[in-house]
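Chemist: Chains as they are written, first to last, in this note's numbering: chain X, 45 to 471; chain W, 150 to 598.
Note that these hints are calculated values from the structure, not bench results. The model shown is predicted, which means the values in this text are computed figures rather than measured ones. A few of these clues could be false.
In silico lysine-lysine, PhoX-like type, Cα no more than 20 Å apart, as pairs [as the list claims (entries may be wrong)]:
| hint | chain 1 | residue 1 | chain 2 | residue 2 |
| --- | --- | --- | --- | --- |
| 1 | X | K89 | X | K243 |
| 2 | X | K258 | X | K272 |
| 3 | W | K429 | X | K324 |
| 4 | X | K411 | X | K150 |
| 5 | X | K258 | X | K416 |
| 6 | X | K89 | W | K209 |
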Amino acid sequence: MLTGKPRRVAIVAANRTPFARSGTAYAKLSNKTMLTDTLRGLVEKCRLEGERLGEVAGGAVMKHSSDWNLVRECVLSSGLSPLTPAYDIQQACGTGLEAAILVANKIALGQIDCGIACGSDTTSDAPIEVSRGMQRMLMDLNTAKTNTDKLKIATRLLNPKLLLPKLPANSEPRSGKSMGQHAEITAKRLGITREAQDKLALASHQNLGKAYDKGFFDDLVMPYQGLKRDNNLRPDSTLAKMASLKPAFDKKDGTITAANASPLTDGASAVLLASEEWAKARGLPILAYLTDAEVAAVDFIDEREGLLMAPAYAIPRMLARRGLSLQDFDYYEIHEAFAAVVLSTLAVWESATYCKTQLGLPGALGKIDRKKLNVLGSSIAAGHPFAATGGRVVGTLAKLLSEKGSGRGLISICAAGGQGVTAILER
Amino acid sequence: MSDYLVRLANDKTTANLIRALGLPAPVELRRGGTDGVAPLSGAVVLAGGGAGGFAQSAVKSALRALGAKPLEALPADESLRLNCVVLDATGCATPESLRLLYEAFNPVLRRLDRCARIVVLAAMPAEQADPVGAAVARGVEGFVRSLAKEVGKRGATANLIYVSRSAVDRLQGPLRFFCGDGCAYVTGQVLRVTGDAAAPSDLPAMQRLAGKVALVTGAARGIGAAVATRLAGEGAKVVCLDVAPARDPLYELALRIGGTPLVLDVTGAAGDLSEFLTGKFGGVDVVVHNAGITRDKTLANMKPELWDQVIAVNLQAIVAVDRELDTKGLIRDEGREICLSSISGVAGNYGQSNYAATKAALIGYVAARAPQLAARGITVNAIAPGFIETPMTAKIPMMMREVGRRLNSLSQGGQPEDVAEAICFLACPDAVGVTGQTLRVCGQSVVGA
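Based on the provided sequences and hints, a complete structural model is requested.
Modeler: Have a look at this one:
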């Protein structure tokens with residue numbers, strides 16, 4: 045598939061909506077609307093109107109069945125040339141970053157010159173299914189040949205249970221546990237304290253607040269539906285306020301609360317990736333380069349490993365390949381699904397035993413400089429519209445590196461199903 | 150935007166009632182594009198002329214090129230209805246010679262088909278040898294305007310072309326428009342066909358704007374959307390420009406017509422626009438200055454900002470954009486520029502002193518700008534729509550709307566497509582003979598005639 049040398053992949057621009065807590069500013073919007081508007085924002089910013097891009101990849105986690113071709117539909121309304129191909133992917137919270145990796149790989153291989161990675165999610169417009177019984181009844185009705193058969197099948201409607209809709213749930217199909225319950229188990233196992241989690245959460249809000257105040261997001265976040273900032277952001281919160289909250293998942297002795305977890309959120313993001321030549325020919329800037337990526341999965345059945353620990357496995361593999369140590373980074377963007385997840389990940393890397401037995405390393409990966417962690421806040425403050433988080437992180441880190449002038453950043457995103465998507469950005 | 154009277158008057162069950170009540174019974178107009186190689190191929194066309202006329206052979210060859218087989222005399226078969234009558238009256242130079250008009254049309258009027266087209270050609274009054282000749286040529290105008298009022302109730306149109314002796318070879322474009330379905334709502338109007346602008350290198354017979362880039366401002370809705378659609382249908386790559394609040398319909402329009410959307414506020418962003426055109430297309434061939442706003446108030450009640458807003462969007466922005474395009478040399482040779490004036494600009498309108506000032510200004514603007522660009526084959530014209538059925542006019546109070554709609558020779562409002570047809574005519578290469586003029590699309594509204 046490779047013809048010639050692999051090319052460097054530039055991150056050229058990013059755009060996202062401010063993120064909004066579920067049921068607030070974007071309560072009436074669909075994924076299609078938010079993603080279309082986000083793509084338009086990027087198109088207008090980079091003057092891509094009428095341009096044919098190599099591809100647009102992205103998706104949504106909470107998706108209506110009618111949105112089966114979501115990204116292509118959005119591309120058609122985006123102002124890009126309708127000759128731009130697109131496809132949907134879904135890897136839970138890793139969707140956005142995985143999309144960027146897919147586009148970047150094609151650019152690196154020389155198959156395309158440019159592309160957009162994007163994602164959108166809303167829990168305010170969640171798909172609600174009819175019950176399995178109703179669905180079977182309708183399918184059978186569709187294939188029934190005689191009226192008698194049809195009538196017989198229709199009598200099943202008399203069962204009122206059929207009318208109960210099937211609501212989407214934030215739980216693992218394999219374990220039946222919610223993600224928070226899983227994170228709680230891992231946190232307990234690793235001795236992650238409530239206080240440490242609250243401190244990390246507070247830092248997230250403070251860092252994000254400061255970044256907005258400095259105008260860092262002016263060219264990354266478009267004003268949308270009356271919002272200019274993520275409406276979950278609480279920079280004035282305090283540890284005392286956070287300490288007053290009751291645990292969300294384990295009422296008795298849990299440590300995860302609404303304050304140190306990311307909330308259900310609506311929003312969309314998009315990132316423009318390109319070869320250096322393509323960007324330069326259009327006079328577009330190169331913020332940073334996407335230089336490597338690794339995706340891992342863990343066996344979380346019966347809690348043999350924590351559900352959200354896969355990035356801990358992915359990153360050492362990537363580091364080994366690049367001959368880098370965990371400390372060779374200027375920024376660490378570790379997605380705050382829960383503060384506990386960030387702290388658990390850091391904790392296992394600091395444990396020689398874990399690194400030896402679980403990761404097959406000769407010793408501990410070691411500590412990171414915590415001042416370099418989520419320096420502009422992360423999902424606890426910004427919110428976490430599942431498929432849009434990858435684009436938020438890539439855009440933020442790319443601009444950080446571009447402002448610094450040179451450096452290296454690490455991205456880690458945990459995802460449902462025991463998966464983890466990670467990447468390295470450099471400049 | 151439907152017109153209930155057009156519907157009722159054309160429905161067999163209600164037509165008699167409408168007549169009995171003495172209500173106007175507007176004919177459902179025949180509409181459609183004037184594209185295609187031979188737009189007149191199916192039409193029954195009568196082409197006559199008087200002694201001394203200099204346009205007759207040019208007219209006939211133009212009609213033939215448009216697919217017509219022009220008849221010289223009224224066919225004996227009384228059942229044969231005429232779709233189109235073209236009369237060369239360029240030879241009329243004495244009072245007696247005006248009798249040609251009577252003789253040509255008196256027997257013809259009862260033989261006209263519904264929505265027929267009448268086109269009369271006269272000599273330029275200013276080119277006539279003496280004042281009497283000039284008077285007679287000018288007299289033809291009064292005749293045609295009156296004729297338009299008589300035939301309007303059957304949906305027919307009548308228009309006049311003053312043709313310069315040196316420009317008879319430029320009649321095909323104007324005849325294509327005035328004889329075709331596209332001029333459904335243009336009647337009682339006068340155009341001058343001159344040799345002022347340099348001739349185009351190529352006169353395609355169909356897809357007349359293929360390979361051309363057209364800019365339409367205010368493209369998201371109403372007339373702008375119809376214009377963008379029509380120009381795209383004629384083969385142009387259309388840059389559809391509108392402001393941010395119109396983003397949704399703008400992007401959908403661009404997708405529908407294969408155009409390029411551009412979200413931009415034309416006030417104060419001329420530089421961005423020229424950068425966009427340079428970057429994407431390297432220039433522009435057709436510029437339609439359609440974006441406009443109304444801020445209606447009687448002058449006594451008008452706040453200064455309402456005045457300023459209208460001037461800024463409807464006039465200042467156009468001047469600024471043109472200046473930028475001129476400075477950067479972005480309007481290509483043989484280009485076409487069309488400004489949207491208004492019947493309010495022609496005649497003035499109650500509560501629209503700001504709007505009318507800008508729309509009248511554009512009439513003066515195109516007249517003055519045309520000679521500056523004529524040597525490069527660029528034409529500059531204006532269109533003055535009358536009452537057009539748009540979401541904007543749908544908001545006018547019922548009684549006012551009724552008056553606006555009926556006070557014209559066709560007893561109905563026009564459609565955005567009617568304006569688009571006229572603009573498309575002026576945008577095409579074969580309209581080269583027309584420059585510096587203002588064409589009304591108003592069904593011969595009684596206002597400002």
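Chemist: Does each hint hold? Answer for all of them.
Modeler: Here is what the structure says about each hint:
no. : hint               : in the structure
1   : X/K89 with X/K243  : 37 Å, violated
2   : X/K258 with X/K272 : 14 Å, holds
3   : W/K429 with X/K324 : 16 Å, holds
4   : X/K411 with X/K150 : 34 Å, violated
5   : X/K258 with X/K416 : 18 Å, holds
6   : X/K89 with W/K209  : 54 Å, violated
When the structure is compared with the earlier hints, violations turn up for hints 1, 4, 6 and for no others.
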